[in-house]
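Number of protein chains: 2
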Amino acid sequence: MLDKKFLGTFLANKGLDAMLVSSVHNISYLSSYFGFSPLERDAYLLFTHDNRYIFTNPLYSHEAASQSSDIQIIVHTKNNPFPKNLATILSNKKLENIGFENDNITVVEYLKITSATPAHFIATSLDHLRITKIPSEIQKIKNACEIGDIALTTIKKYIKLGVTEKKLANLLDFTIKKLGADPSFPTIVAFGKNSSIPHHHTDDTSLKTQDIVLIDFGVRHDNYCSDMSRTFFNGKPTKKQKDIYATVLNSQHKAVTYIKDSLAKNSPVDAEKVDRIAREYITQRGYPSIPHSVGHGIGLEVHEAPPISPSSSDNIGEGMVFSIEPGIYLEGKFGVRIEDLYTIQSGKLIQLTQSPVSLQEI
Amino acid sequence: MLDKKFLGTFLANKGLDAMLVSSVHNISYLSSYFGFSPLERDAYLLFTHDNRYIFTNPLYSHEAASQSSDIQIIVHTKNNPFPKNLATILSNKKLENIGFENDNITVVEYLKITSATPAHFIATSLDHLRITKIPSEIQKIKNACEIGDIALTTIKKYIKLGVTEKKLANLLDFTIKKLGADPSFPTIVAFGKNSSIPHHHTDDTSLKTQDIVLIDFGVRHDNYCSDMSRTFFNGKPTKKQKDIYATVLNSQHKAVTYIKDSLAKNSPVDAEKVDRIAREYITQRGYPSIPHSVGHGIGLEVHEAPPISPSSSDNIGEGMVFSIEPGIYLEGKFGVRIEDLYTIQSGKLIQLTQSPVSLQEI
Numbered sequence: 042m043l044d045k046k047f048l049g050t051f052l053a054n055k056g057l058d059a060m061l062v063s064s065v066h067n068i069s070y071l072s073s074y075f076g077f078s079p080l081e082r083d084a085y086l087l088f089t090h091d092n093r094y095i096f097t098n099p100l101y102s103h104e105a106a107s108q109s110s111d112i113q114i115i116v117h118t119k120n121n122p123f124p125k126n127l128a129t130i131l132s133n134k135k136l137e138n139i140g141f142e143n144d145n146i147t148v149v150e151y152l153k154i155t156s157a158t159p160a161h162f163i164a165t166s167l168d169h170l171r172i173t174k175i176p177s178e179i180q181k182i183k184n185a186c187e188i189g190d191i192a193l194t195t196i197k198k199y200i201k202l203g204v205t206e207k208k209l210a211n212l213l214d215f216t217i218k219k220l221g222a223d224p225s226f227p228t229i230v231a232f233g234k235n236s237s238i239p240h241h242h243t244d245d246t247s248l249k250t251q252d253i254v255l256i257d258f259g260v261r262h263d264n265y266c267s268d269m270s271r272t273f274f275n276g277k278p279t280k281k282q283k284d285i286y287a288t289v290l291n292s293q294h295k296a297v298t299y300i301k302d303s304l305a306k307n308s309p310v311d312a313e314k315v316d317r318i319a320r321e322y323i324t325q326r327g328y329p330s331i332p333h334s335v336g337h338g339i340g341l342e343v344h345e346a347p348p349i350s351p352s353s354s355d356n357i358g359e360g361m362v363f364s365i366e367p368g369i370y371l372e373g374k375f376g377v378r379i380e381d382l383y384t385i386q387s388g389k390l391i392q393l394t395q396s397p398v399s400l401q402e403i
Numbered sequence: 042m043l044d045k046k047f048l049g050t051f052l053a054n055k056g057l058d059a060m061l062v063s064s065v066h067n068i069s070y071l072s073s074y075f076g077f078s079p080l081e082r083d084a085y086l087l088f089t090h091d092n093r094y095i096f097t098n099p100l101y102s103h104e105a106a107s108q109s110s111d112i113q114i115i116v117h118t119k120n121n122p123f124p125k126n127l128a129t130i131l132s133n134k135k136l137e138n139i140g141f142e143n144d145n146i147t148v149v150e151y152l153k154i155t156s157a158t159p160a161h162f163i164a165t166s167l168d169h170l171r172i173t174k175i176p177s178e179i180q181k182i183k184n185a186c187e188i189g190d191i192a193l194t195t196i197k198k199y200i201k202l203g204v205t206e207k208k209l210a211n212l213l214d215f216t217i218k219k220l221g222a223d224p225s226f227p228t229i230v231a232f233g234k235n236s237s238i239p240h241h242h243t244d245d246t247s248l249k250t251q252d253i254v255l256i257d258f259g260v261r262h263d264n265y266c267s268d269m270s271r272t273f274f275n276g277k278p279t280k281k282q283k284d285i286y287a288t289v290l291n292s293q294h295k296a297v298t299y300i301k302d303s304l305a306k307n308s309p310v311d312a313e314k315v316d317r318i319a320r321e322y323i324t325q326r327g328y329p330s331i332p333h334s335v336g337h338g339i340g341l342e343v344h345e346a347p348p349i350s351p352s353s354s355d356n357i358g359e360g361m362v363f364s365i366e367p368g369i370y371l372e373g374k375f376g377v378r379i380e381d382l383y384t385i386q387s388g389k390l391i392q393l394t395q396s397p398v399s400l401q402e403i
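Chains as they are written, first to last, in my numbering: chain A, 42 to 403; chain B, 42 to 403.
Heads up, a few of these hints could be off.
All copies of an identical chain are treated as equivalent in the list; a pair is satisfied when it fits inside any one copy or across any two copies.
SDA-like, lysine to any residue: derived pairs with alpha carbons at most 25 Å apart [claimed, not checked]:
1. LYS46 - PHE215
2. LYS135 - GLY360
3. LYS208 - THR118
4. LYS55 - ALA164
5. LYS208 - PRO79
6. LYS208 - ILE188
7. LYS153 - ASP168
8. LYS208 - PRO124
Simulated from the structure, these hints should not be mistaken for lab results. Here the structure is a predicted model, which means the values were calculated and not measured.
My request is simple: use the sequences and hints to build the entire structure.
Pasting the structure below:
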């Protein structure tokens, strides 16, 4: 995804001779090899001003090599474990100041690595490495969003009295896979009072008359993720439900308007302010504050930079892709969440998810 | 899962006043709350001689509290972040020697935690915490295995000319979910030469005459995992394929026989030796050495202690649940893997996966 110049500039800015990358999504991003498991430590990547190296076990060496032709693959074995192989490279290439992902490397890994080499290791977070997407990445996320829109339309006919949350989620996942993609995270289907739990675990609850139906799901296609939430009404919503739905939708709209206005004025789009505008619109109407962030960046991971939260210090700029997902949750009663993905291209806010958001009775 | 006595003994043996637990599966195990995401740091758990505490964010506090009634929930906020809350508890309860999972805590977390409190932190791996299962845990794994057996039988009819790997995997996943469970990891379906890559990523390859069909999948049910691999022949196998299939099956049988014999003689079952016996049976017949471990423990995670590998230092004992999964892979040609789960109960080896292993032409 990135050219050598970018990596060279990164090292120069940080005063580093090399950067040791350990988080699997950053390794994929920097190597274009997507085969390593996100659940195990299958590999490390080292980049210098001139070279990239992948340290991995024999199980991955052939495949990683075939897909990352200009990267040197160094295989670790029982007698040549990773810290030893890394130390050899650092010594041979006279690399002394090495950045490492301090928010990813564990204490035991750090001790093993640093005890094998006299090199100096410098804490260097890469949590903003992938914040700005190039057009081909945005296109992939857009494709994932389109698959999500089609899948949701396809399964809407199954939302009827008696269907269980698990059955509906299974049909949605099956449809996503039939369309050549995968769910990007475990699909959330929440009926009735389950919708009041933002991270509800889809269960065997069956749909009853007047229940709210909250669906929060994403698609991973060509390694890039989408994320979308919709809330439907099985039957006629009450006056209060209508008001809550309108409030959530307006909250999203307020955040969008702030972004559009800022872009039009060429002024910075403050992620913390996006969160605050959506959040305060809801609390000012007497509803409880959103118990989660208003949004998040998305790409190879469902949650990545920029965070759109009360503690965010990012500005949202050209090429970033992010969600805006306000919600109102009445404990033990019901919840409403509406989530869409957006990007900024050529100075304009573009919405990527396209499923309708007007209040729908099913 | 564990009584207070066990935790007290653990602390006493390690000379600790408390243990800080960060890995999500250990937190679930010690709290019986399974709602935290395995992909984010949603919570920490601290256990002392007298108490357990969960530190989490507001999103999880209610649900965790309702499902772990005797655990104190401490919510972190912007002004009261986790390290501060932890420091308060340690100070109030006069806890000085604190174990932490050095193979899980990141460098940045370690620095934040240790700079907030004068307590002394001691590297303490919990990677063997869950190695021995109680009967109710084994029953859950057995149930997951049964669902896997049923699902595989159900989808066998779809293994026919022209079906794609992805379509078959999707049908298998759909069937697993219809049975009320979930895949425990991304289902591997590998046709023809794809079967020569042990961790092949299921793709759009379609099934051709004389192709090998390798399926490696697992089920998660009631939080516990199964794992099973089967290799079928679409049409008549060649003489060489037959020999390889028989060699892999015999390799598994040799490992099983060593375990049974050791148990009968009341002698220790050496995990490294289980690996070696299966591995050497294959290399002695002129085939390449297995490019992965011969087996692994399984439970809340698909891969957990004990490892059954050349570097394992564990003995396999009563209540452990583990796979034996030898394979032969001919690069660019085809591969055969057979994997079953076993446990030891009342001093006897019991096989948990039950799908037939005799050579099957489809």
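### Task
State the violated hints by number, sorted upward, taking the hints as numbered earlier in the document.
1, 2, 3 and 8
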